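J.: Residues per chain, in single letters:
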Amino acid sequence: MISTIVFILMLAVAIAFFTRNVRKISRNIKLGKDINRKDNPVKRWWLVFKVAIFQSKMMGLPIAGILHVFVYAGFILVNIEMLEVMVDGITGSHRAFSFLGKFYPVIISATEFFALLVIIGCVVFLFRRNVIRLPRFWKPEMTSWPRLDANIILLTEVVLMTSVFFLNASDYILQTREFGHYEQVGSFFLSSFFVPLIQNLPSETLVLIDRSCWWLHIAGIMLFLNYIPYSKHFHVFVSFPNVYFSKLEPAGKIANMPSITREIKSMLGKPVDPEENVDMAAMSFGAQDIKDLTWKNLMDAYSCTECGRCTRVCPANITGKKLSPRKLMMDARDRLELTGKNIDKKGVDYKDDKSLFDFISAEELWACTTCNACTNECPVNIDQVSLVIEMRRYLVMEKAAAPGELNAIFSNIENNGAPWQFSQQDRLLWANELYINEKA
Amino acid sequence: MAEKRKIEVPVMADLFAKGEKPEYLLWVGSAGAFDDRYKKVIRAFVKILTHLNVSYAVLGVEESSSGDVARRAGNEMLYQMQTLTNIDILKMYEVKKIITCDPHVYNTFKNEYPDFDGNFEVIHHTQFLQKMIAEGKLKIESSLLKDKTITYHDPCYLGRANGEYNAPREVLDSIPSTLKEMKRNRSQALCCGAGGGQMFKEAEKGEKEVFMERTEDVLETGANIIVTACPYCMVMMTDGLKYKNKETEIKNYDIAELIEQSLEL
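Top line first, the protein sequences correspond to chains E and P.
Read in this note's numbering, the first sequence has 54 at position 54, and its numbers run on one by one without any break.
Read in this note's numbering, the second sequence has 675 at position 235, and its numbers run on one by one without any break.
Next comes chain E alone, as it looks inside the complex (with noise of 0.2 angstroms):
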């Protein structure tokens, strides 16, 4: 009875703590401006069965895209002992669901193999980052906490997947000795490898091996929980809204800034809307901070968990720049959230002395070869090259802080029509003397 308060105690804790971190996620997210990317719900949907469901982007590293189907697809399919864990917490009962009778040994085998899957995942995963070292995991933006974050999340899932087997093990030992409400329910398969370790045990040990691996496991899966908001690992939640709200429309394509179009118009004397009446003192171009980015790029910063694949393909970063794409992602969360706590401590209209340029330099931003490599390799569809654009705008539009010889180009162009110095008149001077062979 008692423990049965405990857990829904527990339970309620966990899942209010939960809701409010996920509430100002959800709150951050929502400081962007808007865009538009509510179109072509059919396309959208398939995006997410395709990409974010079924992995399709993951298979491009196939060693790490099949662990991480592993470790993905395990935990979820874990979960059905989970929501027996569930109703026994709540209801007090032993092994709810082995009322299904022979095929309750079946199902339970079946998610004991899937947590053999995450434990293989997770083990490899942890051999890749810190024995073998892949340099995509070392770049310098991985500073101890992105290394810890990751470790800490992959040794969780081991130790809530092992307490599954000891769970199981002595719980079967339990029925074979036919000792208190243990009802016989069946072997198990793998954690029958696991009986000959407890088996000499005690009864009383048993069960107190049983129960601890219980609210171990529950506990456990209640504090990942929340610990999964403050960590790169919330990935597992916002990757599916931020495949589905993609951008479909193709790489190369750069948002428009229909705000200047009007003003451009009438500097070039063409007609306007007279009706529209835009203060273009009181606009502002490209991105600062966080509120001129769209509520997509913040979050694209959600969705990245720092796997570093399109660092690992961006030209600029394999060439020894201080660009890495990986990068930019984190500094905007990390920019957001600093946003988002001060919001919390000192209310919405607060603004501190800080920008995103205090996380990003202009030297990374003028690395970019807007290739798209990167957007084309993000496992999750985060659009990468949208930041720097934005950024590089507020720079040559609000600073005039172009890159001497970028601005060099721009006066030709504006002067002449071509990034070149030669005159517009000089255009046709290629088709000069051309001749053809004719064959007789």
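To be clear, the hints were calculated from the coordinates, so they are not data collected in a lab.
Owing to the predicted nature of the structure, the values given are computational and were not obtained by experimental measurement.
Worth double-checking, as some hints may not be accurate.
Simulated crosslink set (DSS-like; lysine-lysine; CA at most 27 angstroms straight-line) [claimed, not checked]: (1) E:K139 to E:K232; (2) E:K33 to E:K345; (3) P:K648 to E:K139; (4) P:K623 to E:K139; (5) P:K684 to P:K620; (6) E:K253 to P:K536.
Based on the hints, put chain P in the right spot on chain E.
T.: This is chain P only, laid out in the frame that chain E set:
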């Protein structure tokens, strides 16, 4: 016996004055007009158009920068000025179809000009050549490149930006020769390093130039010819071969030039 005939490149304003309307507008681009190496590509493509009796014209002195580089370098004002002016001229000449050799022009015309009410059918020259081959209008029987190994560098703005990986390869397949892919190809292709405004500025501080990294991919294939389909890639790969001291062994051509050579135009 081959006989040389002079090509008078048709200019839109002249045709319009005569009441003629060509089927295609050929957008030459600033590189085609002013870059000495790239002028050869435009000249080659114009020879192919002439050979195929295609009805086309150029804007000539009325052409201006597409604005692509201005937009990617963050100067949206300048981009929109170029865009609105260009669209006015194109509409004045009632242009419906545009061919260009530049994937950057292709991308901005095809994907970005429609936001400013500039709706044209935009065709990259590799797509045009593919179509001509598929329709049987362009046949290559020459064995000129039979013993050559060719590797194709995917321009980012044709490949990843617009998903066009097949047209250039199908054109190359029609030329008797050996085609060998680089280890990074199609959607995995490495950028030449010139997009997003990089063409016109010093690279940011780093260990290496991007074009050198890409040139190493080329060298790995053992190809004699590196073929591109973009003016920026052309410049970058030329530089790469020069710095690697490979410019005599490995030649750098645009797809149009290979067709020109094969047809002995």
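J.: Failing hints, ascending?
T.: none
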